[in-house]
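J.: The primary structure of each chain is shown beneath.
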Amino acid sequence: MLRRLVRACLAIVGLAVFAAGPANAKVEDDTIYLGAAISLTGKYAANGEHTQRGYDLAVKMINDAGGVTVDGKQYQLAVIYYDDESTPARGAQLAERLINQDGVDYMLGPYSSGLTEAMAPVTEQYGIPMIEANGASISLFQNGYKYLFAVLSTTEQYLASSVALAAELAEREGRDPSTLTLAGAFENDPFSQDIRAGVLADAEKYGITVVIDDQLPPELNDMAATLAKVKALKPDILVVSGHDKGASLAIRQIEEMRVDVPLLALTHCDSADIIGNFGAAAEYTLCSSQWAPTLSYSDDLFGSAGDFAVLFEETYGYAPPYQAAESAAAVQVFADAFERAGSFDKDAVRDAISATKMETFYGNIEFDETGRNIAKPMVLYQVQDGNYVVVAPTKWAAADVRFPTPPWAER
Amino acid sequence: MADNLALLFDAPLLIVQLLIDGILIGSIFAVAAYGMALVWGVMNVINIVQGEYVMLGGFIAFQLTLWGINPFLGVPVAAVILFLLGIGIYYGIIRRVVDKDMFISLLATFGLSILMQQLMNQIWGSQVRTAQSGLSTWFLFDYQVTVSQVKLVAFAGALLIGGLLILFLKRTRLGQAIRATAQNPRAARVLGIDTNKVFAATYGINAALCGAAGAFVVMAYSVHPYTGLPYTVRSFMIVVVAGLGNLPAVILAGLGLGAAETMAGFVLGVQFQVAFVFCLLVAILVFRNTMLGRKRRYLK
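Going down the list, the protein sequences come from chains G and C.
Numbered per my numbering, the first sequence spans residues 82 to 492.
Numbered per my numbering, the second sequence spans residues 101 to 400.
Simulated from the structure, these hints should not be mistaken for laboratory data.
A couple of the hints might just be wrong.
So these bits of chain G aren't anywhere near chain C, every CB distance computed over 12 Å [what the hints assert, rightly or not]:
(1) 257
(2) 299
(3) 426
(4) 428
(5) 451
(6) 467
Derived list of chain G stretches under chain C, where covered just means 3 residues or more per stretch with a C-beta under 8 Å from a C-beta of chain C [claimed, not checked]:
(7) 184-193
(8) 292-298
Each residue gets a CB set at the ideal place from its N, CA and C atoms; glycine is no exception.
So here's chain C without its partners, still in its complex pose (with noise of 0.2 Å):
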């Protein structure tokens, strides 16, 4: 450890290349957590599909490589997938457990997803799949740092992605129900707002961030039916720590646990890498909850 750390001293542009790649795939990160905090925080549903919707996507788009489609317009494509299948998932299974206790609804994504990834499986099969984007990467410094093409592609779309989103929800009618719901479901109804149509649009919309989010992933890294499970974790994370309904803290939460994540695989070791997640986790709980505790002595 030491070692790594007087590297990094040494090697100062190791750092800058660390801190790439760590936002870059932050980035990604940061697209599914924004789905997660969206329906955790309108239907008060976890939702543990997540990670296989984003390798769903990143299968979407492989397919179209193999028909010779190129995979960036698998982008639109899973997204609009996923969007359609979120919304029939929510009318099938999820509209049953919305109201219903946390657990059951826990235990109704858990199951699902593991038929996705089974599925996924029989349909692709389990190799590790990737799509070659054709793009190619960028040298600074003399070949010392380098930042793949498609990973910034990604991470500009991550941006635009989160920043559609925030206007969708502030502008639109749609978006300003889903907001309403999220607040007060009972008064949202009273309203005339029929929430069991928010409801199947914002999980739907969940999906098809989630299907974009693997369309990148897929050409930046891999997808496989089994290895879904990182990005739910990663998004249940960065929503504990950003907080739901608070798009921006998301965007920054996922840079920066993407960021903080590499330089600890370096330091650290890579195979603390994940450890250091959960730490993290458990340490802004602990801080949090700390800082609720002074709040409400205020209060009394």
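This is chain G alone, in the form it adopts within the complex (with noise of 0.2 Å):
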């Protein structure tokens, strides 16, 4: 008897837990609520924990500053974190948990291409715009997704600008470029992956030759295979892409095994923090970045991209990364669409968010129909007597490309 009423009583409760539950927690009085899964435990956990500040950092700055006006009424952000433990199966778990439990309608994307390449199909099925901004791969951008936008730069990007240099450089020495040799070890990961795919076409562009086109295993921990034969064919390009590990292994081994190259780039050079690392063994790296604080880019909510810097620096007490000011943007494009959306309406919110047309602190955004950002370009910096300098494109660059590296006997 008492048992069963024991069970009664649970179930009344269980069903009103259930109807007064968040399900419709998009909009709770005055605050919207946006949903993220983020990678704050796995291997990506560094990087997740980057993108969470840029997050909380632009939703806070927003809410101090008065929020979002909506039709005339004044709402504060907030979000809605889970952690995906760096694995594309839990990201899809959590999204459709943000969407049917939580009642989100707003997503801000993962950590990666990878987990979001996972959570892209279930936003997509629900019709709910999500805005992300650490997935790189254009493979995101190929499946005529319409609730997908990115505010970083593509990853064919990436270190394409490094090719590029090299084919100005030769130029500027009087050399044709298509004598030039390239060397890549790209890890094998899609992202990896997308960036070896924008340096050969690139290579192929300036009829540079490529003479080693090594894939890394995410698991090794040594590249001293692939260096040697750097070492032995002297290509005048070496490019690196293996996120922090490669950057870290890379530097550390070129060194060690006193590797002669006139160029080499790297991904993730910040991300991996070379230059504290290694210090002068860091010297002359070309790092592609989606961002620099350095640059001239402005907003009314952060002020210059320097100031974001400043104010990342002071709150958080690291120098931000740029997964950091990405992120930050994408809560920007957010507040800014629901403004000119004036409704919350997920559709209405959708179309306001593809007709954006802004600029920040982190760069000009501007989507086309797939909904990638095309109006802000990849930057290059030089390490550059420990200092991270832009180099390229020329347009934004702070100082002359140190070139070529010096062999190591000189250094």
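Fit chain to chain and form the complex, with the hints in mind.
T.: Rendered as structure tokens:
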């Protein structure tokens, strides 16, 4: 008897929780909820944290400035986070959960192309607009998705600028770019393989011969085999892409093995902190970046790119990697779109995002029909005297590129 | 592939370079493999958490550098901390699965490895960490061949640790008890050996070995909470090749594996480097099986 009573009570409580649960959490009172599944644990945890901090900082700044005005009423922004454990399957599950259980109608992207690839079909199926800032793979924008938008430049542009720069430098020296040789080592994951495709396409455009094209397994902790080959073949350009680990390994072992290469280009230099970790060995390295604090972009919320960097460092105690900057920009796009849409209808918001045309501290943002931001170029840093200095494209360059890298015997 | 082979013939010094790099990394694999061979041989437990102990050792040495302490001191410090941790883990978890089915111990250590990964991620974050040893590089043959001094120190350290371990097992009472327990735990118990203590010591020594290896890894390569697996896989492979209870063979197999792997990475391309390790494992198992089959025929 007692047991039946307890069970009935439980059932009622359960129903009540279910009914009163956050089925309509998208806009409650005066708060707009955005959903995000981010890698807080697992192999992407470091960059997941940068992403979350970027989101949080933008939300805080927008709220402090009065929030978002939609149809004459002020709203605050809030983000519901889950940890996707850096695994795509979990990311897709959490997207379902955010939409079905938490009732979120607007999503911020996860970290990495792989996770975005897993979540985009879900948001697409429910017609939920997702603005992402950390999935750069070009393949994300070849599926005809209508609700996916990316504020960052896509992968094929990452290191293509380094090939163009090498060609430009060769011409300046009176050398035909088609006599150049290129060596590449790219991790075996969607992101780096996209970069590889971009680099190879650009090499072909300039008639550059690719002499090494190695694919690094994700679990590899040693690049000696590739670098021995580089040493023997003496290419003019060496391109390495393997997230943070690839950048650290490359710098350390290139110094150790005294591999002389006139131009070395990497991704993820700043998130791997190659300057802090390797000091002088990192000099002359070219690094592709979505953003740099020295760029002359600005907006009303954060001020200039430099102001954002100062604010971020005051808040979190370290200089913002571009992953944080682009994440903050994604929130700004949402705020802007809500105001222009003047309603919370998912499709109205989606159309407003699609029509975005704004200047932010992170760069200009304007989406093409596939959802990519086409208004912002990639920049190329070089490590010069212990600092990242923008050297390309010429429009943003703060200094001339130092080329060629002197051989180790003279460094 | 043909180009790469031709390159080796044109520049034979490259072979020297690859062999050196391979043997040096192989020595680190060998240290982790000693530990695995011990635990496997004595306790019949395949310790999947091996690679995470290596990473933890690396993180401890890294932490010391943050406090301004030379990372070489990390080798003994990591070994001691991991020894204590290993004993704690033995009494907390492993003790309960030692005489169970091997599947249970596999699951237990697999679970432990996930736990350790997440804990390391919580404590040190998921950045790739390295420690600067302050040592430089030797150059031979007009910069053609480079030998990293820290890797050489790691190599010497690995051989020293191997030698000490062999002496320890042969000469000390505890070592003899460990060997007796490995041969026959029941008989050892009958003779008054406290096998529970022997198991605890064995597991602690294994963790200490991994910790020392990890301190070398952080100086010569890099550590990350989630990249322990290659060390577990290589240890497993080395032990399978060398057999249990044969430490000199473990050292040789470790060095050989490192060298073969690096050569394969060069000739076949790095993308096949790990695949090569697994193919080699299969080939060796098949070979061993046919040899055993032949022996069995004689016995008949």
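J.: Let me make sure I understand: some of the numbered hints might not hold for this structure. Which ones are they, in numerical order?
T.: 2 and 7
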